[in-house]
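Colleague: For reference, the chains in residue letters:
Protein chains: 2
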Amino acid sequence: MAVSFVMRKSAAVRFRHLFNRSIAVLQNHHQHKHQIHHHPISSSTYSSLSSPLFSSRFLSSSSSTSMASSDSSFPVTVHNINPKVLKCEYAVRGEVVTLAQQLQEDLKAKPGTHPFDEIIYCNIGNPQSLGQLPITFFREVLALCDIPSVLEKPETPALFSSDAIERAWNIIDMIPGQATGAYSHSQGIKGLRDTIAKGIEERDGFPANPNDIFLTDGASPAVHMMMQLLLRSEKDGILCPIPQYPLYSASIALHGGSLVPYYLDEATGWGLEISELKKQLEAAKKDGISVRALVVINPGNPTGQVLSEENQRDIVKFCKQEGLVLLADEVYQENVYVPEKKFHSFKKVARSLGYGDNDITLVSFQSVSKGYYGECGKRGGYMEVTGFSAEVREQIYKMASVNLCSNISGQILASLVMSPPKVGDESYELYCSERDGILSSLARRAKTLEEAFNTLEGVTCNKAEGAMYLFPQIKLPQKAIEAAKAAKTAPDNFYCRNLLHATGVVVVPGSGFGQVPGTWHFRCTILPQEDKIPAIVTRITEFHKKFMDKYRG
Amino acid sequence: MAVSFVMRKSAAVRFRHLFNRSIAVLQNHHQHKHQIHHHPISSSTYSSLSSPLFSSRFLSSSSSTSMASSDSSFPVTVHNINPKVLKCEYAVRGEVVTLAQQLQEDLKAKPGTHPFDEIIYCNIGNPQSLGQLPITFFREVLALCDIPSVLEKPETPALFSSDAIERAWNIIDMIPGQATGAYSHSQGIKGLRDTIAKGIEERDGFPANPNDIFLTDGASPAVHMMMQLLLRSEKDGILCPIPQYPLYSASIALHGGSLVPYYLDEATGWGLEISELKKQLEAAKKDGISVRALVVINPGNPTGQVLSEENQRDIVKFCKQEGLVLLADEVYQENVYVPEKKFHSFKKVARSLGYGDNDITLVSFQSVSKGYYGECGKRGGYMEVTGFSAEVREQIYKMASVNLCSNISGQILASLVMSPPKVGDESYELYCSERDGILSSLARRAKTLEEAFNTLEGVTCNKAEGAMYLFPQIKLPQKAIEAAKAAKTAPDNFYCRNLLHATGVVVVPGSGFGQVPGTWHFRCTILPQEDKIPAIVTRITEFHKKFMDKYRG
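In order, the protein sequences belong to chains A and B. Just so you know, the first sequence maps onto residues 1 to 553 in the numbering used here. Just so you know, the second sequence maps onto residues 1 to 553 in the numbering used here.
Source of the hints: derived by calculation from the structure; they are not laboratory data. Check each hint, because a few of them may be wrong.
As the list claims (entries may be wrong) - Covered stretches of chain A, going by a simulated chain B footprint (3 or more residues, C-beta under 8 Å): (1) 323-330; (2) 407-421; (3) 451-463.
What the hints assert, rightly or not - Pair ranges (Cβ atoms, derived): (4) A:K190 x B:E202: 40 to 46 Å; (5) B:K235 x A:R203: 31 to 37 Å; (6) A:L353 x B:K235: 15 to 21 Å; (7) A:K447 x B:G323: 40 to 46 Å; (8) A:K342 x B:G437: 53 to 59 Å; (9) B:E202 x A:A109: 46 to 52 Å; (10) A:G177 x B:L439: 53 to 59 Å.
As the list claims (entries may be wrong) - Non-contacting residues of chain A with respect to chain B, defined by C-beta distances greater than 10 Å in every case (computed): (11) K198; (12) L229; (13) E375; (14) K378.
Using N, Cα and C, we set each Cβ at its ideal position, and we do this for glycine too.
Work out the full structure, taking the sequences as your base and the hints as a guide.
Modeller: And the structure:
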């Protein structure tokens, strides 16, 4: 079922609808018309319609947990929890993934029961889970910071590079009392923020202030913090791309705001049109929605496009003109694969236009989970917060304080990715070869998979200029759509489930990200190791052919 | 100003009141009557009244950030952000701490300008910031997990203990694909949850299910998650102790619920009376508040009491009878300093009563930040979630999924604290001596500080049976109260500011935790290193004498 962007006025009705659906496990998936309404959508409408199978996961996982069966015998039930939680959806770890985990357990318990011998998780940007190795220098520094006593031992230079040892000393000396196990300043260790600010300055050619940096446990908590700050009620909206990374819809739902969609244009390589932004903003205003911010994901997730500098300038001007906070998701800033495109931070673009703190309110999100580093498990990241008043900054600081600080290893790693080894450092050569090896391989994988998808009947796939994903469109035969309906699921979900059962490859249905109603997509990461790509291509190709043969009608 | 627990009906009026106060920087601090109303208080009432100086921090910190001065020229202002954020307060990193940071900068820039040469941060349970060393074994394992390539090097056994090497191998082998840098399962790595469940079983003598464990970045995000789940509106209440750890009031405020206070009885060593719980629950019900959960902090923060098993049984029965979720903050489970008391987990107590998953809904919070480990900067912790229906569990899982996973080092450390070295392991002896050294020293420090406080004029201080804090009551002379009023601050805040200026010792005013109106307290950690305690005692004693001499009237 597509994201049918119908604005509904009553949250209560919507909730009841959602809840009934969750009990009935989708009985009426296709009764909504496939049409685009250029209206803002409250979080509840969005998520209730974007979720292919709201209640399926608990059905599958309940057997392994220690609890009784009847919801109503407990004081806490789905009838009396926060309805915003019910409304929130996160397809990247949704139904298809749960199914994959079951199949994996099957494979372990009874090898040979499926037509594949391993599950390949292409559902999530989690490079190291698919075999990408960490950057040696980064890990050396992290390990040494964990155990400073080792730094002075005679055996240490045999195990660690000299610049890693030096860097670890520098970092430990930055920490008040050398206490690597203490809570830090709520924004993160000052010396690490200095390093990050310097890294931003080198990247952009414009000043960065360490007091503008808030270190966070990955980018997700930073996004939540901004949503919590900005959203007062359903009448507050956030302009988000469609397709979008579902953290945004989930966070908007959890914080009770409205997602105001703007469509990326698939026909022009997922182009971001200012006219579309304007149209959606005006429509939202007409509906009484106060639009607070614009989310831009660059390079795009799930869409992989890299914005041109000119386009970015127009976006910045639009935000200034309309008084919107620009929430710039720049976590894929190192992931650009085509020579004709380059990453430009929105802060650099704004400053190049002569816009200072008084002109534009801009938050840039960065993470250690992406790039060539791919250190998802470290939960490191930061947001650079500019153009807020002192009073509001104080409130952001207070929110950070309530959570004390982000984890110190993640903080250290965030400083390292913004300040990697330099020419002349012992690790420099190894670092470069590791980084370039990963990035060039990702570029090849993106190209191979894109070309493979484009050979499939009814499939068109834009280039992944950056990020870690492809988001092909599938024109599904009517018979497949009917089969999905009979199976009480959305057509894209139906396709992805079939793909999983046939190949072991896990991808995420487009409905988890949003798509033009009546179109069907899936998101597939480019992350499987290169030597596995040919087999994956073969398996997907064979599956697709059989699927189309079966349903071609 | 005391926490004057007056239930006000209009949130808008309250907000305006708060906001005006924030602009005027407290002009009418003492116009509220000092009386206990046994009524539930909405988060907004609570926090607006518990905050000694709402707006002071931004005034002091604004100079160091890059932004313009006028709030109204920005699209985001304190007038149009989420009012729940404005309402939230967190005194542990509040005004007195900001003042301390300024003094510290002063000291650095101009040594000798203050009557002390260092700031001693007794405001927060942050042991390693005050010189506590990490447990060697834990750090060895963490470092080795960060850099598995070192595990096989010939030099490694000279640097790391054999059981740390073995444990690191075990842990790495638990991780799918040995990918220590990958996002894990949303609840945390399964093998680590197995280890933790086993540790809980050994602690309690009752089964624990690894699928009931959710690993989190410290206990705070787990508490937020439960508040987000349970709170639908101001009409949902959470029973919280007064005094309480302000994470609870802050989280309830951020999630828009009502804090329903129950008073701990200072006269009986901060006793928790079931009759008080009943009274407050009934009063809340009469006010139309649906009370969802009871928070119990055991050992107590800021109060340091350790509950008796009998008392805990009564609490468990009360929760079962009233259909309340029991939110058990058990992060100080290793911090018990008196031989006559012992920590018992609420889960053990419930199971001893024969209560299973169908009888009581119980969440236990644990953290790597406290205990003898004190690894605050690692942001590790877990919640054990029992007695929820499958449907609600599914919602909790979904909330965890949106944030992907907690940091892996924190996850590993959580497994280590629940499964430390055993007899026969190479590290066992060192581990025991480190652990026992820290815990016995903490016990001595608690006793010394308690005795010192009790010698001060007008000060009474209950014993710290456990946790990391003392919470002495000060009977302030009328003249001091008037001086505080003239200084536009609360009397306890006034005292703490004066203490800081005179001694460099940072403590937190009682109003940040809640206290019986008209009484004044402060919270002081027992964490300064033992060799510093005599000097601290001398400085505080001298200050207090002078303060009382000045204001005795």
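Colleague: Does each hint fit the structure? Answer for all of them.
Modeller: For each hint, the structure was consulted:
A count of 3 residues in the stretch 323-330 of chain A with a Cβ less than 8 Å from any Cβ of chain B is obtained; the coverage claim is therefore met, three being the minimum. For the stretch 407-421 of chain A, the stated coverage by chain B holds: 4 residues have a C-beta nearer than 8 Å to a C-beta of that chain, and at least 3 were required. Interface restraint, the stretch 451-463 of chain A with chain B: violated (0 residues with C-beta to C-beta distance below 8 Å; minimum three). A hinted range of 40 to 46 Å for the beta carbons of K190 of chain A and E202 of chain B is consistent with their spacing of about 41 Å.
Taking 31 to 37 Å as the suggested C-beta distance range, the pair K235 of chain B and R203 of chain A does not conform, at roughly 49 Å. Between L353 of chain A and K235 of chain B, the C-beta spacing of about 48 Å breaks the proposed range 15 to 21 Å. Restraint check, K447 of chain A to G323 of chain B: a C-beta distance of roughly 59 Å breaks the suggested window 40 to 46 Å. For K342 of chain A and G437 of chain B, the hinted distance range of 53 to 59 Å is satisfied, since their beta carbons lie about 56 Å from each other.
Take E202 of chain B and A109 of chain A: their Cβ atoms lie about 28 Å apart, and the range 46 to 52 Å is violated. The hinted window of 53 to 59 Å between G177 of chain A and L439 of chain B is violated, with their beta carbons roughly 21 Å apart. Annotated as non-interface, K198 of chain A keeps its C-beta farther than 10 Å from every C-beta of chain B; the closest such distance is 15 Å. Annotated as non-interface, L229 of chain A brings its C-beta within 10 Å of a C-beta of chain B; the closest such distance is 5 Å.
With a least CB separation of 5 Å from chain B, E375 of chain A falls inside the 10 Å interface cut-off, contrary to its annotation. Remark: the non-interface label on K378 of chain A conflicts with the geometry, its nearest Cβ contact in chain B lying 6 Å away (cut-off 10 Å).
Checked against the numbered hints listed earlier, the structure breaks hints 3, 5, 6, 7, 9, 10, 12, 13 and 14; every other hint is satisfied.
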